[in-house]
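Protein chains in written order, with this note's numbering: chain P, 474 to 671; chain V, 65 to 311; chain L, 473 to 563; chain U, 562 to 813.
No lab work stands behind these hints, which were simulated from the structure alone. All clues stand as given, with none of them false.
Part of the chain U face toward chain V, derived, beta carbon under 8 angstroms: (1) I585; (2) D586; (3) S650; (4) V678; (5) L682; (6) F690; (7) F697.
Computed from a predicted structure; not experimentally measured. Positions of the beta carbon are idealized from the N, C-alpha and C atoms, including for glycine.
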Amino acid sequence: MANTQTAEVNAGGTTTRAHLPSNKDMWVFVLGDLVIFSSYFIIFEIYRHQQRQTFLSAQQHLSLSIGVVNTLVLLASSWFVAQSVQLTRAGEYERAMRLTVGGGLCGVVFILLKAYEWSTKIGHGLTFGSNDFFMFYYMLTGVHLFHVALGLVFLGVVFFELRNPKLRRVSMVETGATYWHMVDLLWVVIFALMYVMR
Amino acid sequence: MDLRPQWISLWLLPFFGAILLVVFVAFPGFLPPMSPQMTADQVAQFYAQNTTMIRFSMIVFNLCAIMMIPFFMVIVVQIKRMSLPSHVLAYSYLAAAATGATLFAIADIFWLIAAYRPGRDPQLILLLNDMAWLIFIAPVGAFVVQNLCLALAVYLDTRPQPIFPRWVAYFSVLTAVAMTPAACAVIFKSGPLAWDGAISFWLRIGAFAINIAVMFFVVRGAISRQAAEQAVETESPATVTDAEVTR
Amino acid sequence: MTTTKARAITYVWIILSAITLVSWFLGPARVAGPAVASVPITVAVLAMAFIKARLIIGYFMEVRTAPAWLRLSTDAWLVVLWGAVLAIYLW
Amino acid sequence: MSAVSAAPVVTENARPAWTRRPKIDQWICWWTIPIFYNLFGLIFVVLTRVMPPPRPDITPEQIVAFFETHSLTIRIGFALLMFFIGFASVANGLIALQIKRMSVSPVFAYAYIGALVVGGLPGCLLPAFAFVAGAFRPDRDPQIMVMLYDWCLLSFVGSLGCFCTQNMVLALAIFLDKNDILPKWLAYMSIWMIVTELLASPVFIFKSGPLAWNGSISFYVGTAVFVVWEFAIIRLLYVAIKNQSPTEQIQD
Chain P
474 MANTQTAEVN
484 AGGTTTRAHL
494 PSNKDMWVFV
504 LGDLVIFSSY
514 FIIFEIYRHQ
524 QRQTFLSAQQ
534 HLSLSIGVVN
544 TLVLLASSWF
554 VAQSVQLTRA
564 GEYERAMRLT
574 VGGGLCGVVF
584 ILLKAYEWST
594 KIGHGLTFGS
604 NDFFMFYYML
614 TGVHLFHVAL
624 GLVFLGVVFF
634 ELRNPKLRRV
644 SMVETGATYW
654 HMVDLLWVVI
664 FALMYVMR
Chain V
65 MDLRPQWISL
75 WLLPFFGAIL
85 LVVFVAFPGF
95 LPPMSPQMTA
105 DQVAQFYAQN
115 TTMIRFSMIV
125 FNLCAIMMIP
135 FFMVIVVQIK
145 RMSLPSHVLA
155 YSYLAAAATG
165 ATLFAIADIF
175 WLIAAYRPGR
185 DPQLILLLND
195 MAWLIFIAPV
205 GAFVVQNLCL
215 ALAVYLDTRP
225 QPIFPRWVAY
235 FSVLTAVAMT
245 PAACAVIFKS
255 GPLAWDGAIS
265 FWLRIGAFAI
275 NIAVMFFVVR
285 GAISRQAAEQ
295 AVETESPATV
305 TDAEVTR
Chain L
473 MTTTKARAIT
483 YVWIILSAIT
493 LVSWFLGPAR
503 VAGPAVASVP
513 ITVAVLAMAF
523 IKARLIIGYF
533 MEVRTAPAWL
543 RLSTDAWLVV
553 LWGAVLAIYL
563 W
Chain U
562 MSAVSAAPVV
572 TENARPAWTR
582 RPKIDQWICW
592 WTIPIFYNLF
602 GLIFVVLTRV
612 MPPPRPDITP
622 EQIVAFFETH
632 SLTIRIGFAL
642 LMFFIGFASV
652 ANGLIALQIK
662 RMSVSPVFAY
672 AYIGALVVGG
682 LPGCLLPAFA
692 FVAGAFRPDR
702 DPQIMVMLYD
712 WCLLSFVGSL
722 GCFCTQNMVL
732 ALAIFLDKND
742 ILPKWLAYMS
752 IWMIVTELLA
762 SPVFIFKSGP
772 LAWNGSISFY
782 VGTAVFVVWE
792 FAIIRLLYVA
802 IKNQSPTEQI
812 QD
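For reference, chain P alone in the conformation it holds in the complex (with noise of 0.2 angstroms):
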């Protein structure tokens, strides 16, 4: 399904065709995504800008280490699923399934994560309601967590498809992937944003 385009690319001179990874369809749903994605990170902005002080309070009841450690598990998945992606090219299914699998258990200890961090969040009171930083900060945590579910399931095809020797098709295997690593890429601007930005 995959329509790679023939515009040349001269990555490092030598003219590769241009390959469009997974299909259109997933990139449409993507670049949406992250449009979407951006709108709540602007409007997070400017209420940021003009809360100042109270945000960067309540910022700092943010568990920093968490934040790292859910990033470094999201950034090994991504490999795990990149990794795969390459062995299915390769033809080595076998490798590629095992993969998956990481990548897929790496999103399962993610959402543990959270759920931990939550936990503890709202242990000490800090609610979705207790100020605007919070409901910033469930909501854009929540709908992370979202996507994250729909990714494992997305990673659940992509095992399945690996597994039936019938199909292996590599681009469905590469939509998977590409939605992964959006997942993992909106972390990193959650991330940046939340945890880390003063």
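Given the structure of chain P, go ahead and fit chains V, L and U onto it with the hints provided.
Chains V, L and U alone, transformed into the frame defined by chain P:
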């Protein structure tokens, strides 16, 4: 194809229709219809005086009104038998019938809430009564579209012997037109278009009742023709050219 | 596919993890006392996040070797988002 | 579907030409959708001022004043809605038919009909009646007026699970479909609709800010995504009907 489910669904209509007619008369608020201009105290007093009859009639309405759904689904099945380009009108008819039935159930609940504690603050009784009447009378869109879908289906039916006779299309449109002005019941508190007015109440409910009654005989005819067709088919399947798969 | 692509992905992953760890030290939670806004740290953080995002898009999503329309739209998205965030922050 | 090609009887030519155009019933149903949504805009934006929604954090006096000043237009607007809401069932039937044309089992089509029928009532009609009850007698006790005001706007802007189900069912049908009736990117767009529905749920918690019922995220971003989705599905239904061969056999 066993036609008994259709016969049963058809005969559910007159049985429960009769019950609904009785309770329609029994409900003190319908004959004559309560006026939107009654003050909160008058409405509260009305509920206080007629509590038992209101509860009885509305409980029966609650139980029996939904029994008309199988009848509407028989019409959906008959529409699917018509030779139309597609079944879109059957599905639209089904969706519209479901919407209309739900609305009446919701209106009925409001009456029952009001009658549950007549001693409530008259303002609350007035609000519940308003909601009950408005939801009962105003939302004609569902039944109008239901009839328009049926009319279009009958009109487009290209069977040599149409499932429903052609005048049913014009009759459905006529019913739809007769019921449409009742939507203005949300605007006026007096005059013919108010919820107790000649157009919004009598014309609307009259058109609805007549439509249901007439459609009963039309659908009965359609099912009996279907039975006749099947009888011919089973007797001499070879000679039957009409290879139509009957539902 | 040669292993250069696989190796490149691993390198990129290492760089991304490194940048993440660097931002750990810049984080506010480690600063004792009342939180204070600091423009240079934030600009550094936003720049690092921009680089991380571009690396993920380029190497993981393989947009580097994708058709031009996709490269342009992802780059445009990056510039608009981070530009707006920076502008609102500094405004 | 019984595409019987019985010999047309002599009275056939008595029927006007338009009735013999192919797929005429689907075209008529399709034409009701853009008309319905333009009227939808007229009713909700111009007449009843429900969209963009008035602020949730205003005093009861202001709420009563709102009902008094707009009483007539609210009633006229919702009188129109009483009639035109029925055509939502036609759009429902048309989309259900396209799902029936797909290579998936009809369970998704019937689930779609059920979900959209449920959605039409608490999502559109009951909030209308709450506003009408308010506009019908603005001289009610202010506390009741505030309750009607909240009832309408919460029920209208707030999230409804049935729209999540409807979009999920549509997305699954399109993903699993091999006949390519509707393109895959519409399935992905339906996932956005589910996300915006999730983001409309905090409406029941907040009275101000981006997640209130007039919030920039819950309402405006959600409405923007809905408008994009609506234009897309109207366009794609047109293409789907046009590409359909009149003699196509659809599973019953």
